[in-house]
Every structure is written in structure tokens, then in C-alpha cells.
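Protein chains: 2
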Amino acid sequence: MRIAQVAPLSEAIPPKLYGGSERVVSWLTEELVSRGHDVTLFASGDSDTSATLVPGSKTGLRLAGINDHIASHLAMLSDVYHRRAEFDVIHFHTDLLQYPIFESVAPRTVTTMHGRLDLLDYRPVYEKFAYMPRVSISDSQRRPAPADTNWVGTIYHGFPADLYPFSATKGGYLAFLGRISPEKRPDRAIEIAIKASVPLKIAAKVDRVDQAYFEERIKPMLDHPLVEYIGEIDDRQKGAFLGGASALLFPIDWQEPFGLVMIEAMSAGTPVIAWRNGSVPEVVTEGKTGFIVESIEEAVAAVPKAAALNRRAVRRVFEDRFTVGRMADRYLAVYQGLHKTMTNGHAVTRKPQHAPNITMSEPSMP
Amino acid sequence: MRIAQVAPLSEAIPPKLYGGSERVVSWLTEELVSRGHDVTLFASGDSDTSATLVPGSKTGLRLAGINDHIASHLAMLSDVYHRRAEFDVIHFHTDLLQYPIFESVAPRTVTTMHGRLDLLDYRPVYEKFAYMPRVSISDSQRRPAPADTNWVGTIYHGFPADLYPFSATKGGYLAFLGRISPEKRPDRAIEIAIKASVPLKIAAKVDRVDQAYFEERIKPMLDHPLVEYIGEIDDRQKGAFLGGASALLFPIDWQEPFGLVMIEAMSAGTPVIAWRNGSVPEVVTEGKTGFIVESIEEAVAAVPKAAALNRRAVRRVFEDRFTVGRMADRYLAVYQGLHKTMTNGHAVTRKPQHAPNITMSEPSMP
Numbered sequence: 005m006r007i008a009q010v011a012p013l014s015e016a017i018p019p020k021l022y023g024g025s026e027r028v029v030s031w032l033t034e035e036l037v038s039r040g041h042d043v044t045l046f047a048s049g050d051s052d053t054s055a056t057l058v059p060g061s062k063t064g065l066r067l068a069g070i071n072d073h074i075a076s077h078l079a080m081l082s083d084v085y086h087r088r089a090e091f092d093v094i095h096f097h098t099d100l101l102q103y104p105i106f107e108s109v110a111p112r113t114v115t116t117m118h119g120r121l122d123l124l125d126y127r128p129v130y131e132k133f134a135y136m137p138r139v140s141i142s143d144s145q146r147r148p149a150p151a152d153t154n155w156v157g158t159i160y161h162g163f164p165a166d167l168y169p170f171s172a173t174k175g176g177y178l179a180f181l182g183r184i185s186p187e188k189r190p191d192r193a194i195e196i197a198i199k200a201s202v203p204l205k206i207a208a209k210v211d212r213v214d215q216a217y218f219e220e221r222i223k224p225m226l227d228h229p230l231v232e233y234i235g236e237i238d239d240r241q242k243g244a245f246l247g248g249a250s251a252l253l254f255p256i257d258w259q260e261p262f263g264l265v266m267i268e269a270m271s272a273g274t275p276v277i278a279w280r281n282g283s284v285p286e287v288v289t290e291g292k293t294g295f296i297v298e299s300i301e302e303a304v305a306a307v308p309k310a311a312a313l314n315r316r317a318v319r320r321v322f323e324d325r326f327t328v329g330r331m332a333d334r335y336l337a338v339y340q341g342l343h344k345t346m347t348n349g350h351a352v353t354r355k356p357q358h359a360p361n362i363t364m365s366e367p368s369m370p
Numbered sequence: 005m006r007i008a009q010v011a012p013l014s015e016a017i018p019p020k021l022y023g024g025s026e027r028v029v030s031w032l033t034e035e036l037v038s039r040g041h042d043v044t045l046f047a048s049g050d051s052d053t054s055a056t057l058v059p060g061s062k063t064g065l066r067l068a069g070i071n072d073h074i075a076s077h078l079a080m081l082s083d084v085y086h087r088r089a090e091f092d093v094i095h096f097h098t099d100l101l102q103y104p105i106f107e108s109v110a111p112r113t114v115t116t117m118h119g120r121l122d123l124l125d126y127r128p129v130y131e132k133f134a135y136m137p138r139v140s141i142s143d144s145q146r147r148p149a150p151a152d153t154n155w156v157g158t159i160y161h162g163f164p165a166d167l168y169p170f171s172a173t174k175g176g177y178l179a180f181l182g183r184i185s186p187e188k189r190p191d192r193a194i195e196i197a198i199k200a201s202v203p204l205k206i207a208a209k210v211d212r213v214d215q216a217y218f219e220e221r222i223k224p225m226l227d228h229p230l231v232e233y234i235g236e237i238d239d240r241q242k243g244a245f246l247g248g249a250s251a252l253l254f255p256i257d258w259q260e261p262f263g264l265v266m267i268e269a270m271s272a273g274t275p276v277i278a279w280r281n282g283s284v285p286e287v288v289t290e291g292k293t294g295f296i297v298e299s300i301e302e303a304v305a306a307v308p309k310a311a312a313l314n315r316r317a318v319r320r321v322f323e324d325r326f327t328v329g330r331m332a333d334r335y336l337a338v339y340q341g342l343h344k345t346m347t348n349g350h351a352v353t354r355k356p357q358h359a360p361n362i363t364m365s366e367p368s369m370p
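Those sequence lines, one after another, are chains W and C.
Under my numbering, the letters of the first sequence match residues 5 to 370, in that order.
Under my numbering, the letters of the second sequence match residues 5 to 370, in that order.
Bear in mind the hints are in silico, worked out from the structure with no lab data behind them.
Careful: at least some of the hints might be erroneous.
Since the list gives no way to pick out one identical chain from another, each pair is judged satisfied if it fits inside one copy or across any two copies.
In silico SDA-like links for lysine to any residue, alpha-carbon gap of 25 Å or less [what the hints assert, rightly or not]:
1. Lys174 <-> Thr63
2. Lys344 <-> Gly49
3. Lys62 <-> Leu123
4. Lys62 <-> Ala151
5. Lys209 <-> Ser54
6. Lys62 <-> Asp99
7. Lys205 <-> Asp52
8. Lys223 <-> Arg27
9. Lys223 <-> Asn71
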């Protein structure tokens, strides 16, 4: 198929530093190319891809010091629109701006929703363009969306199976990985570790917006002999960090739309102890890849149980459900569904009263 | 003509409180309706207009506490696009988002640029959509824009002649009106008044972003017996405040694209002492409606000269150059130019290599 992937310009594809959705776009794009598809990637000029790269900006906008990213995206989206006839399907990862531009070819487009959908400010777009095809990254992510949203699938993220290789070692520590921020609840992680009398290693960055929270709330808790703060780590260090842990703590306090770090841990064979929030019950298989908890006490009780899980079985669930191959299979099925609808001539009207709703929900368990 | 006016949704039209461009949209819309044109105003639902109002949001977004205004604008612009066949011309006051959506009908659209054009973040849009018709609000505003921008006119703002009526009284004070902010240089105004030994009245609001500047830099200067700070005033108070002054001080330190307050003063017969910056040399007629200065000393010297100017002559220049009637005449000429180009079939291509450049520059002097 002739596929356009339209990435956000804020970071390179893959990102030079942090950037969850940008990594997903990269993994999907490379997998589609490796399967022989004709993929064009609209992304920042410093992106690294085996697809045909069409630069929408010289470099990733954030690291280039550009504060307002709208103009660059509008210019790129106009480029995509002018070239729309070259593609069987156009896959957006760009949040909001594409909807009014691509209404005339809506049935050949699909947007992956990478963020939370409960922000009222964005509601007018969710309602107005509800008929345009969308993919959710978990079923739970859909909850706040308008009832008539044209979901064409829930597709969980996936990445290459060899990215974080299986580690048979049962480490003697718990791991917290990601960002120090109030909704990630590193304070809960520390409390759990201390009550469980197990060492905790925290590998996390602190964004400027979270600096005060870090200084006032978290830093004073880092003095405990069981707690070690090792700062931000890169992809290579991540594998060893996760693989060496007996469990990942994911004590989140918000409606996480997916939570990449959970499947990163599973890839290494490391189980996950996670709060029942957002995508967690879909991603974690209770008693097999980890435990879903709702209190500090439940989390503390889960620590020895997680350490006793079969790490090979955790890895096998990852391989079944969360590889890039699996993700690409599902996106290709969505693309084919759109393409078929188009070539059958069903979806050529501008705004069908009853938009085709090609539902392809992921089986909740493998 | 069938005219769509597309307003920003951030404030009602006219705005409940502050909002320069929103007032201009209101004045223009009412004048076009009064001349018998079929005007549709896309704006917030709490707008007050004699045109046909199509609400793009329930109320103005800022006072409704909505932080991210993009989604509401995208939904409104989609509405406008679906109804594009109903209008001879579509006039945007909405900054950036309309360009990629309206490329297919670009020759029937015009955008008034209400802000500064020197921000690098917006450059990709200025370049990509340079062929789409634009109006500048001063010639000086155009300077940073790409050379191939399709300017179809410079049209100075204007408002109803009876809004701030002529006042023959020569007041005994200097006036500073607007915002307390570093680029407006209230500190210069205070220094000028003290050196000229003339009282200064400051009627200005302090935005949250300027609170520290106000507290640290300006408040300590307000103790001087010649200086009186009277806070924010409304439209009704403005007439008396400006009409009672011997001169308006406008000692700005930035490239002001237009500067409504200068013509508000002129409407009342009050001359303007302004720094040579941005639109100032186009708006102020040296020695007739005020004085253009480049230093505190020049400004101090201008104070008695301004007080000696003929206030009726100042008002006459306002009536010749800056009424809403004058502004509407020029916009209608632009609309007719677009319409003519369209009906002659010249401008039906998507992106002409040589876009029609209908230049209608304002004569610099009446």
C-alpha cells in the first residue's frame, strides 16, 4: 500500500531524547517499510527512517527552541493535502489540526489518538469531526469521547522484540521509570518500597514544570537508605535497568491512555505492579504479567507475589500482544478496511450521516 | 455583497472588556450591514451584532476560562468552509488556522493581519500561504513578511465618528492610556511629564504577566505629585479622559502594528506625542496631529508645542482618515477586487505561480 505517516514535528522520529508517541511512529513506519509497503513519512528533517522522508521542518521544533508549533504543522499538513492523491491511506499522529483540512478525503484518513480525551477545551473538535476515522490506544482512552466517534479500532502500542531483551535474572530491587510528576506518583513508589523493605531505584527525568514538585515533595524522600535516585537514562541503559528489577512500580494517579513503560518492563520479563487507572487493566494480565492494585497495602502485598511470577511467561505475553509486528498487523487491517470502503464507493460523500464504523477491537486477552 | 466576517472566538464581538481587533471587527461589521450588505458574522455566541450571527462557541473563550482556543476555532472554520458557497468573500480575522483549510477558495478570501509579523515561529505559515490575499493594518507592519506576500491593501483601523466626540477644552494634563507593560514604556511617560512639569494621568490595566513589572518598576514612580494612576477605564470614561488631555503620550518601544489609542485621542481632538516606531509615522501627521520623537528631550520639547496645536484640525484629520466609513470603503474596494478577479476567471487555480496582487495602498496623507 501507499501509506503516508504524518508525525508531530515537535521531536524527530525517532526522538533524540524523550518522546513516547514519536517512538511509536518510528517503530510502525520501519515495520511497514520492512514489509514492502511504500511509506512516506512527513516529519522533522532530522528524523531517521527507511521510509521516504518529507521534512516538515528542519529539525524537531522543541530542541530548536521554537515555542509555538502550530504554524509549522499547518504548513506540513498543507503539503500532505496537496499530495493526497499519492496515498491509499493517510495516517495522522498530529492531534487536532488535520481534521478540518482533510474532511474531503476523510474516509482515506485515520488519526491515532495519542493523548487523553477528557480535556474540555478540545471537545469542539471531537464533536465536529467525530465521523472521521480514529484509532484509540486503549479501550479505556475512549470513555470521555462523544458516543458517535468513528472508532475503527483499539491498537495497543508495540515495539521490536529485541529492543529490551529478556532477562532471566530476578533483581533485588523495584524499579520506577519515567517522569517525576504528581500524576506518576513517585511518592507512592517510595512508600511501597519502604513498607515492603525492598530497595527502589528511580530512573526519571524532571521537567521544568515539575521542578517545584520534585524539590518540595520528592527530594526529601530520597534520603532513605532503600531509595536510590539515578536520574534520566537512555534506551540502552533502560534494558538493563528494567531487566534487573523484580518488578516495575506504576502507581499512577491519572487516566493513562496507554503507558509504554509497562510493556517495556514485560519485554524484559519484569512484572508490573500498577494502580487500577486508565489502560492498566487492559495492559496488565492480573497474576500473570503483574498485579493491579488500588492501595499502598495491596501494592506492598503484591511485591513478593510479583517476584515469584514466571518471567518467561511475562515475556511470552509481551511477544503475543505488544510487538511491533502485532501493532503493524492491526494497523494494516485498519488501512485495508478504509481502502476497501473507498474502492467500494461507499464513503465518497463529504460527511455521511451514518459514517462507516469499521470496528476491530483488540481481543482483550491473547 | 454576501460577506462572511470570521472573528476570533477569544472575546465576544464587541468584547466585554479589553480587545482591540474584536472592536475593529464589530465596527466594520455594523458599518457593512448599515450599507445594506448581507453580512454573516462567525463569532462567539454572546456577540452583539446586527449581522446574522453564527455562534462558533457559546461565549467568548477567555472569560469562559478556556485555555486552549484551537479546537473551537477549527470547528468554527470547518463550519465556514462548508458554507463557503453562500459568500462572495470571506474575511478572516483569525490569525493562522484558516490558511490550509481555505486554499481551494483562496482568491475569495482575505485575512487582516492584526498582529506583529516578526515572530519566527509563524514564518512557515507566512511563507507557505504567501499567495493568499492579506490586508496589513499599516505599511510598516509588512516589513518582516516574505517578499512574495499577496498584500491586497493597507487599511488603517477606523471607528464611528461619534464614539469619542470632539472636545474643544485644552486640558491641563498629559494622558497615558492602555496597558502597563515594558513595551508601552509608562516609565518614559512619567519621566516626560516630570521634566515638562505637567501633570500626567495614567489610565491603564495591568495584565497578570506584567504584574511584576508594575510592582517593581512603575509603582515606585507613581508617588510623584504630578503623577496620578487611575487604573482601567471603560469606553465611556475614555472619551472624557482623552478629550480632557492636552496631549496623549505614546512612548512605545516596539513595532506597533497600528495603535488604536492614537486615533482615539485624535477623535477627541487631542494631539499625540509618540515614539518613532512601527506604524507611528503613518498614523501621526507631524506638526498637525502631533509630534514624532526619538528621545525624552524631544518629547519634553513637544509638550508645549502639542498643547498649541489646533484641536479642530486634529479632529478633521481623524474624520478624513480614521472613521469606520473610511475603513469600510477600503475593505469594500478590496472585496470588489477579489470578486472581480473571481468572476473574470483569473483566479480559479489552486496556487497560481503568479498570484494576482491587487495593490490598493492607502494614500499616506489625506
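Do the hints match the structure? See the list:
In the homo-oligomer, the alpha carbons of Lys174 and Thr63 never lie at most 25 Å apart, since the shortest distance is 41 Å inside one protomer and 58 Å across protomers. Proximity of Lys344 to Gly49 under the C-alpha cut-off of 25 Å is found in neither arrangement, the shortest distances being 33 Å within a copy and 41 Å between copies. Taking identical chains as interchangeable, the C-alpha atoms of Lys62 and Leu123 lie at most 25 Å apart only when they sit on different chains, with a minimum of 17 Å there against 31 Å within one chain. For a Cα distance limit of 25 Å, the shortest separation of Lys62 from Ala151 across copies, 21 Å, qualifies, whereas the shortest one inside one copy, 39 Å, does not.
When the C-alpha separation of Lys209 and Ser54 is checked against a cutoff of 25 Å, the pair qualifies neither within a copy, at 30 Å, nor between copies, at 55 Å. For the identical chains of this complex, Lys62 and Asp99 are neighbours both inside a copy (20 Å) and across copies (23 Å), given an alpha-carbon limit of 25 Å. Taking identical chains as interchangeable, the C-alpha atoms of Lys205 and Asp52 are never at most 25 Å apart, the minima being 32 Å within one chain and 60 Å between chains. For a Cα distance limit of 25 Å, the shortest separation of Lys223 from Arg27 qualifies neither inside one copy, at 30 Å, nor across copies, at 50 Å.
Taking CA atoms no more than 25 Å apart as the test, Lys223 paired with Asn71 passes in neither setting, with 29 Å inside one copy and 31 Å between copies.
Violated hints, listed in ascending order, are 1, 2, 5, 7, 8 and 9; each of the other numbered hints is respected by the structure.
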